[in-house]
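Given next are the chains, with one letter for each unit.
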Amino acid sequence: MIEAENLTRKFGNLTAVDNLTLRVDEGEVFGFLGPNGAGKTTTVRMLCCLISKTSGSARVGDYEIGSQQDALKIRKIIGLVPDNVGLYDSLTAYENLDYYGTLYRRTDSQRKESNEYFLKMLGLWEKRDALAGTFSKGMKQKLAIARALVHDPEVIFMDEPTASLDPEASKGVREFILELKKEKKTIFLNTHNLDEAERICDRIGIINTRLMAVGTPEELERSVRGRKTVIQLRQVTEAILDSLKRLQVTNLVSGGNKLTVDVVNPEEENPDIVSAIVAAGGRVETVSVLGSSLEDAYLKLVRDAR
Amino acid sequence: MSTRMPWKIARKEMKVLRRKKSIIYYIVALPLILSVLFSLVVKNDIAKSSGLPSDYQLGLDSLTYFFVVFAAILPASIAAYSIVGEKVEKSLEPLLSTPTTDGEILLGKSIAAFVPPMLAIWAGASIFMATADYLTNGLLSYYYFPNWTSGVMLFLLAPLAAIFSIELAVIASSRVSDVRGANQIASLMFIPFMAVFLAAVEGAIAFDVANLLIFSGIVLVADVALFFLSTSTFRREEILTKWK
Numbered sequence: 001m002i003e004a005e006n007l008t009r010k011f012g013n014l015t016a017v018d019n020l021t022l023r024v025d026e027g028e029v030f031g032f033l034g035p036n037g038a039g040k041t042t043t044v045r046m047l048c049c050l051i052s053k054t055s056g057s058a059r060v061g062d063y064e065i066g067s068q069q070d071a072l073k074i075r076k077i078i079g080l081v082p083d084n085v086g087l088y089d090s091l092t093a094y095e096n097l098d099y100y101g102t103l104y105r106r107t108d109s110q111r112k113e114s115n116e117y118f119l120k121m122l123g124l125w126e127k128r129d130a131l132a133g134t135f136s137k138g139m140k141q142k143l144a145i146a147r148a149l150v151h152d153p154e155v156i157f158m159d160e161p162t163a164s165l166d167p168e169a170s171k172g173v174r175e176f177i178l179e180l181k182k183e184k185k186t187i188f189l190n191t192h193n194l195d196e197a198e199r200i201c202d203r204i205g206i207i208n209t210r211l212m213a214v215g216t217p218e219e220l221e222r223s224v225r226g227r228k229t230v231i232q233l234r235q236v237t238e239a240i241l242d243s244l245k246r247l248q249v250t251n252l253v254s255g256g257n258k259l260t261v262d263v264v265n266p267e268e269e270n271p272d273i274v275s276a277i278v279a280a281g282g283r284v285e286t287v288s289v290l291g292s293s294l295e296d297a298y299l300k301l302v303r304d305a306r
Numbered sequence: 001m002s003t004r005m006p007w008k009i010a011r012k013e014m015k016v017l018r019r020k021k022s023i024i025y026y027i028v029a030l031p032l033i034l035s036v037l038f039s040l041v042v043k044n045d046i047a048k049s050s051g052l053p054s055d056y057q058l059g060l061d062s063l064t065y066f067f068v069v070f071a072a073i074l075p076a077s078i079a080a081y082s083i084v085g086e087k088v089e090k091s092l093e094p095l096l097s098t099p100t101t102d103g104e105i106l107l108g109k110s111i112a113a114f115v116p117p118m119l120a121i122w123a124g125a126s127i128f129m130a131t132a133d134y135l136t137n138g139l140l141s142y143y144y145f146p147n148w149t150s151g152v153m154l155f156l157l158a159p160l161a162a163i164f165s166i167e168l169a170v171i172a173s174s175r176v177s178d179v180r181g182a183n184q185i186a187s188l189m190f191i192p193f194m195a196v197f198l199a200a201v202e203g204a205i206a207f208d209v210a211n212l213l214i215f216s217g218i219v220l221v222a223d224v225a226l227f228f229l230s231t232s233t234f235r236r237e238e239i240l241t242k243w244k
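Heads up: the sequence lines are chains A and B, in that order.
Residues 1 to 306, numbered by my numbering, are exactly what the first sequence covers, in order.
Residues 1 to 244, numbered by my numbering, are exactly what the second sequence covers, in order.
Hint data in this document are derived by calculation from the structure and do not stem from the laboratory.
Please note: incorrect hints may appear among the correct ones.
[Unchecked claim] Taking lysine-lysine and the DSSO-like style, the derived pairs with C-alpha atoms no more than 30 Å apart in a straight line are:
hint, chain 1, residue 1, chain 2, residue 2
1, B, Lys8, B, Lys20
2, B, Lys8, B, Lys90
3, A, Lys112, A, Lys76
4, A, Lys181, A, Lys171
5, A, Lys10, A, Lys112
6, A, Lys112, B, Lys43
7, A, Lys76, A, Lys120
8, A, Lys127, B, Lys8
9, B, Lys15, A, Lys120
10, A, Lys181, A, Lys245
11, A, Lys184, A, Lys171
12, A, Lys112, B, Lys8
13, A, Lys182, A, Lys127
14, A, Lys73, B, Lys90
15, B, Lys90, A, Lys120
16, A, Lys127, A, Lys184
17, A, Lys182, A, Lys73
18, B, Lys15, A, Lys73
19, A, Lys76, B, Lys8
20, B, Lys15, A, Lys112
21, A, Lys137, B, Lys21
22, A, Lys258, A, Lys181
23, B, Lys21, A, Lys181
24, A, Lys127, B, Lys21
25, B, Lys8, A, Lys73
26, A, Lys228, A, Lys245
[Stated by the list, open to error] Pulled from the structure, derived: some chain A residues nowhere near chain B, Cβ distances all over 10 Å:
hint, residue
27, Glu5
28, Ser52
29, Pro82
30, Asp89
31, Glu95
32, Leu124
33, Ala148
34, Pro217
35, Asp242
36, Leu301
[Unchecked claim] Beta-carbon label-pair distances, calculated as ranges:
hint, chain 1, residue 1, chain 2, residue 2, range
37, A, Thr134, B, Ser187, 24 to 34 Å
38, B, Ser126, A, Asn36, 49 to 59 Å
39, B, Val209, A, Leu14, 52 to 62 Å
40, B, Val224, A, Ser52, 20 to 30 Å
Computed from a prediction, not measured in an experiment: that's the story for all the values here.
Note that the Cβ used here is the ideal one computed from N, Cα and C, for glycine as well.
Just chain A, same shape as in the assembly:
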């Protein structure tokens, strides 16, 4: 549904997006992770034909970005939720949606149906006649998402849709994105919320001007080495420490009744470690893997890029 090959955008001497090559399949939720200034918004703007590319190529649906003729066709099949909601504060929620329905050339009956559907789905129907300017941030964000959907787009671009929202509002927006996922919409989600990306996305791309890695959350987690397993024991004995040394675990640290070891693949290594401890007469209370693995992958890739 989305394909980019060596897509590049420069602003003067600054390269905002450098040779981006990626592919997003139909019905996929693709997370685009990266720090501020990594080129996430620039990528979305290029794919939405809002700004031009410097070099490379990209297709959205069957249309080529950069082609004047295809730009309007691309805009017809996409919906954009920008990082700033950009609602008309002096129009009501209903009027905001209805105006965009008009811009997408929807008929009166189509607009009426979709306005009602989305406002009810997002719990805003009772507030349909209230001015958007009176809405909370969460409500505005929901309305901005609905605005991007009024024409039933094939691809939805979301630029940090939960940024600056409180946890409850973020949860509401995430649940709505999951609803869209069930409807097999193709979603390109810019975010720097790792938890959100892990929960929602089928695949994730990590960008820092250049695309550093692409894969499922699990694949990205596996790509990171140097995770830690923490084992809480009833008591740490010399026999247990000797058995772990024989197992050649790396970076064994003992503190109180807790042992920490470096592991590459916890799913494979932890059973052996626990067996060795039990064989040495130890009683294991808890075993845990330290840190968020996607976070590790993200931080490692972003730091390596510097």
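Start from chain A and add chain B according to the hints.
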């Protein structure tokens, strides 16, 4: 370019304007104040003047022409606001991501900037002309208004002046990033029209139908050129990436 889309955009723009009371007061109040003020000027002139009909004619034409000057001021502020306002409200990015062309957006905004002020100017001018007729009928022995000169001024030159200032405001507002800056530039649009007024008052040109038609023709050509210039200088990319 769709012919219906600009009207749909204009309808939404006018809905937004209706809810911004300060703009409504500005659009409606100024022509009405002008009509009352000019009526008082006519009344005062009658008391002071020598009573020659030619004095009244120049005075009445000059005052009517002022509605043309106002037609070059009022719509420009609205046009500037409607484009810079989109950026201030951060609504331009989602708008530009729709399959709407630059021409449709600009024409829609121009229609919205044109219609309400022109209606207010025509209303104000009608009040002024009716009052002036009432005040001067006894001295001139006929109703001075309506006449061809005022007709050309109000129904040809004033709309063209409004379009001229709207197009210039569109060009200016895609170069500035705040409403105040756009308004300051928009407020300069009346200068060429004021220059004609001063030339007439100084006797360099006459406010007759022929001169007004020539001036209207010049403004018409400028309007057409400015429309193409405004659409070609409306650079989505620059607006999105450089406006903060």
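Tested hints:
no., hint, verdict
1, B:Lys8 <-> B:Lys20, "holds, 19 Å"
2, B:Lys8 <-> B:Lys90, "holds, 20 Å"
3, A:Lys112 <-> A:Lys76, "holds, 19 Å"
4, A:Lys181 <-> A:Lys171, "holds, 15 Å"
5, A:Lys10 <-> A:Lys112, "violated, 42 Å"
6, A:Lys112 <-> B:Lys43, "violated, 56 Å"
7, A:Lys76 <-> A:Lys120, "holds, 24 Å"
8, A:Lys127 <-> B:Lys8, "holds, 24 Å"
9, B:Lys15 <-> A:Lys120, "holds, 24 Å"
10, A:Lys181 <-> A:Lys245, "violated, 48 Å"
11, A:Lys184 <-> A:Lys171, "holds, 20 Å"
12, A:Lys112 <-> B:Lys8, "holds, 16 Å"
13, A:Lys182 <-> A:Lys127, "holds, 26 Å"
14, A:Lys73 <-> B:Lys90, "holds, 24 Å"
15, B:Lys90 <-> A:Lys120, "holds, 25 Å"
16, A:Lys127 <-> A:Lys184, "holds, 28 Å"
17, A:Lys182 <-> A:Lys73, "holds, 25 Å"
18, B:Lys15 <-> A:Lys73, "holds, 29 Å"
19, A:Lys76 <-> B:Lys8, "holds, 18 Å"
20, B:Lys15 <-> A:Lys112, "holds, 19 Å"
21, A:Lys137 <-> B:Lys21, "holds, 25 Å"
22, A:Lys258 <-> A:Lys181, "violated, 42 Å"
23, B:Lys21 <-> A:Lys181, "violated, 43 Å"
24, A:Lys127 <-> B:Lys21, "holds, 23 Å"
25, B:Lys8 <-> A:Lys73, "holds, 20 Å"
26, A:Lys228 <-> A:Lys245, "holds, 16 Å"
27, Glu5, "holds, 21 Å"
28, Ser52, "violated, 6 Å"
29, Pro82, "violated, 4 Å"
30, Asp89, "violated, 6 Å"
31, Glu95, "violated, 7 Å"
32, Leu124, "holds, 17 Å"
33, Ala148, "violated, 7 Å"
34, Pro217, "holds, 29 Å"
35, Asp242, "holds, 63 Å"
36, Leu301, "holds, 27 Å"
37, A:Thr134 <-> B:Ser187: 24 to 34 Å, "holds, 32 Å"
38, B:Ser126 <-> A:Asn36: 49 to 59 Å, "holds, 58 Å"
39, B:Val209 <-> A:Leu14: 52 to 62 Å, "holds, 59 Å"
40, B:Val224 <-> A:Ser52: 20 to 30 Å, "holds, 28 Å"
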